[in-house]
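Asker: These protein sequence lines map, in sequence, to chains A and B.
Mind the numbering: the first sequence is residues 6 to 483 in the numbering used here, read in order.
Mind the numbering: the second sequence is residues 3 to 454 in the numbering used here, read in order.
Keep in mind that the hints are not guaranteed to be accurate.
[What the hints assert, rightly or not] Result set (DMTMM-like, lysine to aspartate or glutamate): computed pairs, CA atoms no more than 25 Å apart in a straight line:
| # | chain 1 | residue 1 | chain 2 | residue 2 |
| --- | --- | --- | --- | --- |
| 1 | B | K253 | B | D177 |
| 2 | A | K447 | A | E362 |
| 3 | B | K425 | B | D401 |
| 4 | A | K261 | A | D157 |
| 5 | A | K464 | B | D193 |
| 6 | B | K224 | A | E248 |
| 7 | A | K173 | B | E300 |
| 8 | B | K307 | B | E347 |
| 9 | B | K229 | B | E347 |
| 10 | B | K439 | B | E257 |
| 11 | A | K171 | B | E352 |
| 12 | B | K310 | A | E387 |
| 13 | B | K344 | A | D222 |
| 14 | A | K261 | A | E278 |
| 15 | B | K265 | A | E166 |
| 16 | B | K265 | B | E254 |
| 17 | B | K253 | B | D285 |
| 18 | A | K173 | B | E313 |
| 19 | B | K232 | B | D124 |
| 20 | A | K110 | A | E274 |
| 21 | A | K177 | A | E166 |
| 22 | B | K253 | B | E383 |
| 23 | B | K252 | B | E173 |
| 24 | A | K173 | B | E311 |
| 25 | A | K51 | B | E45 |
| 26 | A | K261 | A | D222 |
| 27 | A | K471 | A | D380 |
| 28 | B | K120 | A | D202 |
| 29 | B | K341 | A | E166 |
| 30 | B | K310 | A | E166 |
| 31 | B | K312 | A | E168 |
| 32 | A | K334 | B | D199 |
| 33 | B | K24 | A | D380 |
| 34 | A | K51 | B | E383 |
For the record, the hints were derived by calculation from the structure and aren't laboratory data.
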Amino acid sequence: MKRILSVFLVVLPLGAQGPAAPATQALSGVVRLNKLPISEEVLQVKLPRPVERPLSNGLKLLVVESHRVPNITLQIRIPTGDLRNPPELLGLSDATAALIRLGTKTMNAKAIADRLADLGATLSIGSGQDSGTIFVSAMTENFDGALALLTDVLLNPTFPEDEFVKWKTRTKAQLEQMQSQPGFLANEEMLKVLYPDDSRRYARPTVASLDKMTRNDVVEHYRKFYVPSGQWAGIAGDITPAEAVAKLEKALGGWKGGPVARVSMSLPEPIAEKKVFLIPRPNSVQTYLMVVNRAIGRLNPDYIQCQVMNRVLGAGPSSRLFRNIREEKGYTYGIGSGFASTRVMNYFNASTSVRTEVTEPALAELLREFRDIRDRAVPAAELADARSAIVSGFVLGLESSSAVLSRWMEQREYGLPEDYWDTYSQKVSAVTAEDVQRVAKKYVPAENAQIIAVGDAGKIAELLKKFGPVEDVGAGGK
Amino acid sequence: MLRNLLLLVAVAMPAFSQTSSKIDPVKYTDTTLENGLRVVIAEDHYAPVYAIAVSYKVGSKDERPGRTGFAHLFEHMMFKGSENVGPGEHFYTIFTRGGSMNGTTNTDRTLYFEVLPKNQVDLGLFLEADRMRSLRVTKENLDNQRQAVKEERRLSVDNQPYGQTFEKLDELVYDNFAYHHSVIGSMADLDAASVEDVQQFFRTYYAPNNAVLSLAGDLETKETLAKVKKYFGGIPRQEAPKPVDLAEPKKEGGERRLEVDDKLARVARLDIVYRLPDGASADTRALSVGASILGGGESSRLYQKLVKEKELASSIQCFASGREGPSTFRVTAMVPPGKDPKQLESLISEEIAKFLSEPVTEKELAKTRTAIRRSTLFPRESVLSTAISLADETAVYNDPNRINSEPEKRLAVTADEIEAAAKKYLRNDNRVVVVTKPAAAAGRPAAPKPGN
Numbered sequence: 006m007k008r009i010l011s012v013f014l015v016v017l018p019l020g021a022q023g024p025a026a027p028a029t030q031a032l033s034g035v036v037r038l039n040k041l042p043i044s045e046e047v048l049q050v051k052l053p054r055p056v057e058r059p060l061s062n063g064l065k066l067l068v069v070e071s072h073r074v075p076n077i078t079l080q081i082r083i084p085t086g087d088l089r090n091p092p093e094l095l096g097l098s099d100a101t102a103a104l105i106r107l108g109t110k111t112m113n114a115k116a117i118a119d120r121l122a123d124l125g126a127t128l129s130i131g132s133g134q135d136s137g138t139i140f141v142s143a144m145t146e147n148f149d150g151a152l153a154l155l156t157d158v159l160l161n162p163t164f165p166e167d168e169f170v171k172w173k174t175r176t177k178a179q180l181e182q183m184q185s186q187p188g189f190l191a192n193e194e195m196l197k198v199l200y201p202d203d204s205r206r207y208a209r210p211t212v213a214s215l216d217k218m219t220r221n222d223v224v225e226h227y228r229k230f231y232v233p234s235g236q237w238a239g240i241a242g243d244i245t246p247a248e249a250v251a252k253l254e255k256a257l258g259g260w261k262g263g264p265v266a267r268v269s270m271s272l273p274e275p276i277a278e279k280k281v282f283l284i285p286r287p288n289s290v291q292t293y294l295m296v297v298n299r300a301i302g303r304l305n306p307d308y309i310q311c312q313v314m315n316r317v318l319g320a321g322p323s324s325r326l327f328r329n330i331r332e333e334k335g336y337t338y339g340i341g342s343g344f345a346s347t348r349v350m351n352y353f354n355a356s357t358s359v360r361t362e363v364t365e366p367a368l369a370e371l372l373r374e375f376r377d378i379r380d381r382a383v384p385a386a387e388l389a390d391a392r393s394a395i396v397s398g399f400v401l402g403l404e405s406s407s408a409v410l411s412r413w414m415e416q417r418e419y420g421l422p423e424d425y426w427d428t429y430s431q432k433v434s435a436v437t438a439e440d441v442q443r444v445a446k447k448y449v450p451a452e453n454a455q456i457i458a459v460g461d462a463g464k465i466a467e468l469l470k471k472f473g474p475v476e477d478v479g480a481g482g483k
Numbered sequence: 003m004l005r006n007l008l009l010l011v012a013v014a015m016p017a018f019s020q021t022s023s024k025i026d027p028v029k030y031t032d033t034t035l036e037n038g039l040r041v042v043i044a045e046d047h048y049a050p051v052y053a054i055a056v057s058y059k060v061g062s063k064d065e066r067p068g069r070t071g072f073a074h075l076f077e078h079m080m081f082k083g084s085e086n087v088g089p090g091e092h093f094y095t096i097f098t099r100g101g102s103m104n105g106t107t108n109t110d111r112t113l114y115f116e117v118l119p120k121n122q123v124d125l126g127l128f129l130e131a132d133r134m135r136s137l138r139v140t141k142e143n144l145d146n147q148r149q150a151v152k153e154e155r156r157l158s159v160d161n162q163p164y165g166q167t168f169e170k171l172d173e174l175v176y177d178n179f180a181y182h183h184s185v186i187g188s189m190a191d192l193d194a195a196s197v198e199d200v201q202q203f204f205r206t207y208y209a210p211n212n213a214v215l216s217l218a219g220d221l222e223t224k225e226t227l228a229k230v231k232k233y234f235g236g237i238p239r240q241e242a243p244k245p246v247d248l249a250e251p252k253k254e255g256g257e258r259r260l261e262v263d264d265k266l267a268r269v270a271r272l273d274i275v276y277r278l279p280d281g282a283s284a285d286t287r288a289l290s291v292g293a294s295i296l297g298g299g300e301s302s303r304l305y306q307k308l309v310k311e312k313e314l315a316s317s318i319q320c321f322a323s324g325r326e327g328p329s330t331f332r333v334t335a336m337v338p339p340g341k342d343p344k345q346l347e348s349l350i351s352e353e354i355a356k357f358l359s360e361p362v363t364e365k366e367l368a369k370t371r372t373a374i375r376r377s378t379l380f381p382r383e384s385v386l387s388t389a390i391s392l393a394d395e396t397a398v399y400n401d402p403n404r405i406n407s408e409p410e411k412r413l414a415v416t417a418d419e420i421e422a423a424a425k426k427y428l429r430n431d432n433r434v435v436v437v438t439k440p441a442a443a444a445g446r447p448a449a450p451k452p453g454n
């Protein structure tokens with residue numbers, strides 16, 4: 006069951022990455038003796054290309070064939086999404102995604118769960134922000150059965166009233182439970198801060214929206230948005246393109262509707278004024294800190310430069326934030342930063358949990374790192390290491406056919422150039438220290454940092470004032 | 003860098019029906035070097051990557067009173083430098099060369115692993131060998147990692163709803179100190195650990211004869227084994243550490259119960275834990291299959307009864323947690339606001355009682371077998387999973403072939419075996435019940451306002 010991927014394998018000298026870092030270069034939190042037997046070569050691999058096939062229902066299908074294991078994974082994008090929800094019916098998209106698999110004309114929820122278990126299959130339907138995804142995975146011999154179940158769920162749902170009521174009860178309990186998680190509280194506040202004027206500010210349903218929601222609302226959402234709409238679908242694993250097309254035509258040939266206009270939202274500029282938001286969480290022994298501002302969407306031309314910059318600053322243990330704030334200072338167990346860049350989201354943030362007593366120095370140090378990458382050109386060797394981390398690591402993504410498919414889905418859905426992944430390493434390797442500093446200045450917040458702190462208000466409220474005007478947003482939001 | 007070892011499920015069994023896909027067994031070589039290092043290598047040429055894992059036969063079970071959390075604290079020290087590797091140079095180099103790595107400690111073993119592009123085989127071997135041979139320990143580095151670990155404890159226990167519940171459960175389940183205390187350890191003990199403790203621990207447990215090295219991926223076995231000998235062959239063997247007695251004293255007094263007031267929780271939680279024999283025993287295996295029938299997924303008995311029909315739980319989990327020594331069968335449920343944990347408990351007890359009185363059905367067994375077969379695929383899509391399974395199965399159970407044999411044995415479990423094991427172990431006088439309740443409303447944040 007093993008087969009070499011049809012990848013183009015060449016070992017090239019590091020070239021654009023430049024020479025290895027000199028022994029003398031200082032890196033916070035790390036001492037290098039430079040005695041390691043490192044191969045100074047980078048495996049250049051070509052991402053296997055998918056086969057693209059149109060389906061008669063309007064879906065565009067990508068197939069990544071791989072027979073490593075007898076398993077097939079299918080994903081289909083649907084034009085649902087949280088941003089479709091009317092403001093008074095938050096959670097409607099989640100309700101529809103959950104309810105659709107809890108009853109069809111011939112099967113009740115128990116029968117569906119039993120059937121899935123008999124097949125050993127996964128069938129999940131989830132709502133993201135501007136779209137949703139149907140996900141089906143099963144062993145090869147059970148894939149037809151799983152597809153048949155998907156057909157039934159997608160085309161014949163009954164949205165039973167009793168299941169709807171029970172779903173609401175469970176969801177309310179889960180909302181209550183999530184209120185105890187500092188990361189959840191911070192994330193909720195972050196969305197309100199970043200997108201105060203539109204539906205992006207809502208992270209979740211509320212008790213009020215759940216109480217207001219009716220079964221008819223769910224049926225309406227299903228009718229409007231659970232349609233093919235010319236979106237992308239992808240299938241990866243133990244299947245040929247011809248088989249994939251035949252099976253999907255049979256299963257979903259009768260699925261009609263659409264098209265639905267894409268959710269369109271502007272990506273606002275960074276917030277100009279510094280501000281601190283305090284969320285009291287009594288009995289906390291740590292402060293959850295987040296520093297955030299608006300940055301770039303996925304199609305921004307600075308995207309790759311931003312990825313390289315963030316490798317230096319906050320992505321993974323080799324980055325400055327981890328080396329300094331965890332390894333050197335010992336303030337935290339984990340810290341990281343990253344860009345959320347889609348068609349509708351455009352922010353950059355860093356977050357960490359630190360013991361309450363070091364809230365002030367930890368936040369100061371985090372902001373110092375933010376200023377440093379803006380004010381000082383990244384040293385050549387450190388930049389070469391950051392680029393190498395991305396370029397050399399590309400090969401690790403070849404192991405899973407689903408991961409390969411995800412990259413191609415990203416390329417297609419964002420309309421990136423056909424050769425995007427073929428030239429990805431070159432693009433990363435071409436990023437200069439000037440590029441890094443330019444995008445850091447533009448997108449890493451300093452004087453306009455939006456700071457969110459979740460913790461023991463009695464102990465941190467005063468010190469937070471040193472970082473900007475503080476707004477106490479209370480538990481659970483404004 | 004802390005995780006509980008669930009029952010490891012892996013790979014390969016004969017086809018059970020004519021239409022089932024054939025899954026080949028994982029092929030590997032098993033070699034022991036002169037210094038006692040056991041080396042397991044599995045070739046997999048699918049992608050140009052490889053993984054390396056080193057599993058040391060030491061965990062929190064080996065700790066003594068006053069030094070809880072030490073095995074895990076030590077794990078952190080393994081990234082702070084050795085003779086030829088500077089502090090932090092290990093992880094910095096791995097990540098900047100496109101790889102990934104981590105370490106993790108549980109009750110029974112301490113595991114280190116890396117995954118890298120295939121042209122970096124020497125790098126992975128050198129890094130693991132250097133720290134096995136010559137870990138360098140300084141007071142400064144120890145103090146520094148003590149902080150990181152204490153922060154890890156705050157993150158996973160002290161600042162987490164239900165964080166203390168895990169510790170209380172093990173304290174009630176186990177009387178033998180080996181498993182009675184938590185892997186993360188107490189703050190006071192973490193403060194007490196000295197440089198001498200670290201050095202002594204290293205000498206005793208971090209010897210080649212107390213470790214298993216595994217490699218999986220795009221490698222040639224012969225060539226790789228030669229490199230392993232080059233890097234590890236010269237590390238001297240040490241006197242084997244004294245095995246820890248994991249046996250539990252006979253329990254008196256029946257069921258043990260505790261109510262925990264949790265200042266961070268907002269909804270109640272119910273935990274019921276039954277004691278099982280060791281993780282390699284047939285009874286524990288049978289009940290791990292039984293657990294999935296009872297509480298694995300939406301089609302399971304407990305989910306259908308308690309979450310869907312009675313609405314007494316908002317979620318429920320049930321699984322067997324296998325260890326080298328005495329293991330456990332765990333049921334965990336979240337109780338929705340306004341529902342009674344007592345009522346939930348009595349209905350779970352009813353379901354358990356049914357489980358004892360009538361055999362599971364062939365249909366239930368069949369679906370479990372399908373899930374077991376499918377779960378064997380996951381490690382085959384990842385050289386890292388393969389390397390970790392091989393290293394851990396060998397370190398904890400002394401048998402790399404469990405990667406192939408254990409799923410086969412699980413597939414062969416019968417209804418009678420499940421019933422017999424359930425009758426033996428799923429008894430009220432063999433269990434611990436912990437109810438975690440949100441502490442009194444004083445000091446709790448106000449309920450969120452509806453809407454914005």
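Asker: Please go over all the hints and tell whether each is borne out by the structure.
Answerer: Now for the hints, and whether the structure bears them out:
Of the pairs offered as hints, the one joining K253(B) and D177(B) holds, with about 9 Å between alpha carbons and a cut-off of 25 Å not exceeded. Under the criterion of a C-alpha separation no larger than 25 Å, the hint pairing K447(A) with E362(A) is inconsistent with the structure, at around 32 Å. Simply put, K425(B) and D401(B) have alpha-carbon atoms about 29 Å apart, too far for the 25 Å limit, and the pair is violated. Distance check on the hinted pair: K261(A) and D157(A) sit about 14 Å apart at the alpha-carbon level, within 25 Å; holds.
Proximity of K464(A) to D193(B) is assessed by CA-CA distance (about 24 Å); at most 25 Å being required, the pair is judged to hold. For the suggested pair K224(B) and E248(A), the alpha carbons sit about 40 Å apart, so the restraint of at most 25 Å is broken. Restraint check: the Cα-Cα separation between K173(A) and E300(B) comes to about 17 Å, which is no more than 25 Å; the hinted pair holds. The suggested pairing of K307(B) with E347(B) holds, with an alpha-carbon distance near 12 Å, which does not exceed 25 Å.
Taking the CA atoms of K229(B) and E347(B), the gap is near 56 Å; set against the 25 Å cutoff, the hint is violated. Between K439(B) and E257(B) the CA atoms are separated by roughly 20 Å; this keeps the pair inside 25 Å, and the hint holds. Between the alpha carbons of K171(A) and E352(B) the distance comes to roughly 23 Å, so the proposed pair stays at or under 25 Å and holds. With a C-alpha separation of about 55 Å, the suggested pairing of K310(B) with E387(A) is violated against the 25 Å cut-off.
The suggested pairing of K344(B) with D222(A) is violated, with an alpha-carbon distance near 36 Å, which exceeds 25 Å. The hinted pair formed by K261(A) and E278(A) fails the criterion: a straight-line CA distance of about 48 Å is larger than 25 Å. Distance hint between K265(B) and E166(A) is unfulfilled; the C-alpha atoms sit about 37 Å from each other, more than 25 Å. About 32 Å separates the Cα atoms of K265(B) and E254(B), which puts this hinted pair outside 25 Å; it is violated.
Using a Cα cut-off of 25 Å, the hinted pair K253(B) and D285(B) holds, with the two alpha carbons roughly 19 Å apart. A threshold of 25 Å between alpha carbons decides the hint, and for K173(A) with E313(B) the separation of about 11 Å falls inside it, so the pair holds. Restraint check: the Cα-Cα separation between K232(B) and D124(B) comes to about 10 Å, which is no more than 25 Å; the hinted pair holds. Taking the CA atoms of K110(A) and E274(A), the gap is near 49 Å; set against the 25 Å cutoff, the hint is violated.
Proposed proximity of K177(A) and E166(A) is supported: the alpha carbons are some 17 Å apart, at most 25 Å. A distance of roughly 44 Å separates the Cα atoms of K253(B) and E383(B); the hinted pair therefore is violated under the 25 Å criterion. Between K252(B) and E173(B) the CA atoms are separated by roughly 15 Å; this keeps the pair inside 25 Å, and the hint holds. For the proposed pair K173(A) and E311(B), the alpha carbon gap of about 14 Å is at most 25 Å, so the pair holds.
Taking the CA atoms of K51(A) and E45(B), the gap is near 22 Å; set against the 25 Å cutoff, the hint holds. About 21 Å separates the Cα atoms of K261(A) and D222(A), which keeps this hinted pair within 25 Å; it holds. Of the supplied pair hints, the one linking K471(A) and D380(A) holds, its CA atoms being roughly 22 Å apart against a limit of 25 Å. Between K120(B) and D202(A) the CA atoms are separated by roughly 50 Å; this puts the pair beyond 25 Å, and the hint is violated.
Between K341(B) and E166(A) the alpha-carbon distance is near 22 Å, which keeps this suggested pair within the 25 Å criterion. Distance hint between K310(B) and E166(A) is fulfilled; the C-alpha atoms sit about 13 Å from each other, no more than 25 Å. A threshold of 25 Å between alpha carbons decides the hint, and for K312(B) with E168(A) the separation of about 12 Å falls inside it, so the pair holds. Of the supplied pair hints, the one linking K334(A) and D199(B) holds, its CA atoms being roughly 23 Å apart against a limit of 25 Å.
Between K24(B) and D380(A), the direct Cα distance comes to roughly 59 Å. Violation of the 25 Å bound is thereby established for this hinted pair. Note on K51(A) and E383(B): the hinted pairing holds, with a Cα-Cα distance of about 19 Å set against a maximum of 25 Å.
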